[in-house]
Amino acid sequence: MVGNVEFELERDAFAEAIAWTAKGLPARPVVPVTAGVVLEVTDGAMIVSGFDFEVLNRIEVPVTDKAAGRVLVSGRLLAEIARALPPKDVRVVVEGNRLVVRCGSVRFNLPLLHIEDYPAVPVLPATSGKVRGDVFATAVAQVTAAASRDETLPMLTGVRMEIGPEALILAATDRYRLAERHIPWTPTGTVPSTSLIVPAKTLADVAKSLGSASEVVLSMGDADDAGFLGFSAGGRQTLTRLLDGEFVKFASLWPTAVTTTVEVQVSEFVAALKRVALVAQRFAPVRLAFSEDTVQLSAEAEDESSAEEELEVGVTGEPLTIGFNAGYLLDGLAAVTTPRATLSFTEPSKPTVITPVTGLGADDPDDARDGSYRYLVMSMRLRG
Amino acid sequence: MGRLTAHLPMALRLLLVKADGSVSVHTDGGAYKPLNWMSPPCTVVEQPGRWTVTNRAGEQLIIEIDEVVHDSRHELGVDPGLVKDGVEAHLQALLAEHTATLGPGFTLIRREYPTAIGPVDLLCRDAEGVIVAVEIKRRGEIDGVEQLTRYLNLLNRDPQLAPVRGVFAAQQIKPQAHTLATDRGIRCVTVDYDELRGTESLELRLF
Chain A
0 MVGNVEFELE RDAFAEAIAW TAKGLPARPV VPVTAGVVLE VTDGAMIVSG
50 FDFEVLNRIE VPVTDKAAGR VLVSGRLLAE IARALPPKDV RVVVEGNRLV
100 VRCGSVRFNL PLLHIEDYPA VPVLPATSGK VRGDVFATAV AQVTAAASRD
150 ETLPMLTGVR MEIGPEALIL AATDRYRLAE RHIPWTPTGT VPSTSLIVPA
200 KTLADVAKSL GSASEVVLSM GDADDAGFLG FSAGGRQTLT RLLDGEFVKF
250 ASLWPTAVTT TVEVQVSEFV AALKRVALVA QRFAPVRLAF SEDTVQLSAE
300 AEDESSAEEE LEVGVTGEPL TIGFNAGYLL DGLAAVTTPR ATLSFTEPSK
350 PTVITPVTGL GADDPDDARD GSYRYLVMSM RLRG
Chain B
0 MGRLTAHLPM ALRLLLVKAD GSVSVHTDGG AYKPLNWMSP PCTVVEQPGR
50 WTVTNRAGEQ LIIEIDEVVH DSRHELGVDP GLVKDGVEAH LQALLAEHTA
100 TLGPGFTLIR REYPTAIGPV DLLCRDAEGV IVAVEIKRRG EIDGVEQLTR
150 YLNLLNRDPQ LAPVRGVFAA QQIKPQAHTL ATDRGIRCVT VDYDELRGTE
200 SLELRLF
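Note that the protein sequences, when read in sequence, are chains A and B.
So for the first sequence, numbering that gives the first Met the number 0 puts the first residue at 0; every next one is plus one.
So for the second sequence, numbering that gives the first Met the number 0 puts the first residue at 0; every next one is plus one.
Treat the hints with care, as some may be off.
Computed beta-carbon distance windows for the label pairs [as the list claims (entries may be wrong)]: (1) B:E145 x A:E115: 31 to 37 angstroms; (2) B:E111 x A:P254: 44 to 50 angstroms; (3) A:E267 x B:E145: 54 to 60 angstroms; (4) B:A30 x A:A250: 51 to 57 angstroms; (5) A:A300 x B:T114: 48 to 54 angstroms.
Please keep in mind that the hints were generated in silico from the structure rather than gathered at the bench.
Here the structure is a predicted model, which means the values were calculated and not measured.
A virtual CB, placed ideally from N, CA and C, is assigned to each residue, including glycine.
Turn these sequences into a full structure, and let the hints guide you.
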């Protein structure tokens, strides 16, 4: 159907809506029509959406509507046009088989694409609950850092989301590290306890685009429309296809006995680690030797360059020397939002747990909020 | 004096004359690429202070020799050929030894099981006693899946063997190949070559 779409709105709102939708469009579309954006006008609103069979992005903006309808145009071209428009009201109207965009004395004509060929898009399932936008954004950033980027094991490129009565538990792992974080949430009515695997990249994009809202609404739907998870906030909606399969049973990976715990000042420890890691080659470990109240960080390369640094830290328990892939350790520390963190060790060949130290600044709500973050990182063997 | 007339100034050079008749002029750099060369078959005419190398097309490489710093001759004998590490043959041998990598309870029937359209890399029996044809690749791509599909079609026509299942084993399996294989009921196994070979990696995994 080629409708007689006609509406008016302010330039910035138009450009922002088109840019947000166009950003999610596939670079190499499977079907050419999915490189387009759908412009739909109904009841005082313009709805812009893009779909690539995996992710649906949809944004609703109030407009002065003159004629309702639904058309498809090239997403990239419309986004470029929208960005280049002068700061005046935009008037959009369909004339024949073209979309005419007028703004001040500027006029653009875009050919309409065949909307009949556009794939059927998933419908946003019923609302399941709400999370705080900032908490959601932080938690997603903390967890997605540990997700795998290797497409050969699709399940590990996802974030497992466990739906509990009061909290969502996010977890991701790439076999070398595991990040976990609880987010308090408010379900709408009774939501059955279940778990989903959400593609990590999409989840990270969603957190960036919706995280600034005060609340993000989650829509899981029921058995009939399972397979998609929806996020919405401030007129924006993202629906993502979920990953199949069963996630790794990771609960048993958390160590139960700890022999050494070390409390570090995060920024200071990160800076030292980054310095020493400069000489470590890509797959070479950084050595951490913990004794009474210090840690000696060192690394060496095959060409005999080496680095050393000593730092005062709070060590409780046995002295210990352990190796790490510096990048994996840094990812975990970077996600800690409190000034201090605890590293809990068992033995050099066992993984280490990084947790934030909360309760230092009793007035800082961040402490309590991020207290549930924990990061498990596997050590590396040290030569000799 | 060849396809291109080029001139190299007088300098200290390494001249190689190989048993096949080829002549090359090397400088003190560049791993395998000579500055100038003449491929075999060609003839070398030695005159005092001057070599003239001529190939069949009549192209010439003329070398002026002012001083000989070092001159030696070595017989290299028969070339045993380049053996590549990590090739499919080695993977096949390793997997034949460690059939459990392919699935629990797998036993080997034979390597290189002959069929009319070529040998199947491994023929195994799974824990239930069902015959499994295994195709081994370094990089698992769509053509490997197609190859295995052809073997499976053929093997499944043999009432003595049928039903035959398929396993596609590779160090890396492309997502498209994985999807195609799964769609055809072929199981994919990603093989860690270093682990099979027993090479100790510094990297440890959580699971």
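Okay, E145 of chain B versus E115 of chain A on CB: inside 31 to 37 angstroms?
Taking Cβ atoms as reference, E145 of chain B and E115 of chain A lie about 35 angstroms apart, which means the hint holds.
So the hint says 51 to 57 angstroms: do the beta-carbon atoms of A30 of chain B and A250 of chain A match that?
Once the Cβ atoms are compared, 53 angstroms apart, the range 51 to 57 angstroms for A250 of chain A and A30 of chain B holds.
Outcome of range test on Cβ distance (E267 of chain A, E145 of chain B; 54 to 60 angstroms):
holds, 57 angstroms
Does 48 to 54 angstroms hold as the CB distance between A300 of chain A and T114 of chain B, or does it fail?
Because 51 angstroms falls inside the window, the suggested range holds.
Given the hint of 44 to 50 angstroms, is the C-beta distance from E111 of chain B to P254 of chain A inside that range or not?
holds, 46 angstroms
Hint check: no violations occur; every hint is consistent with the structure.
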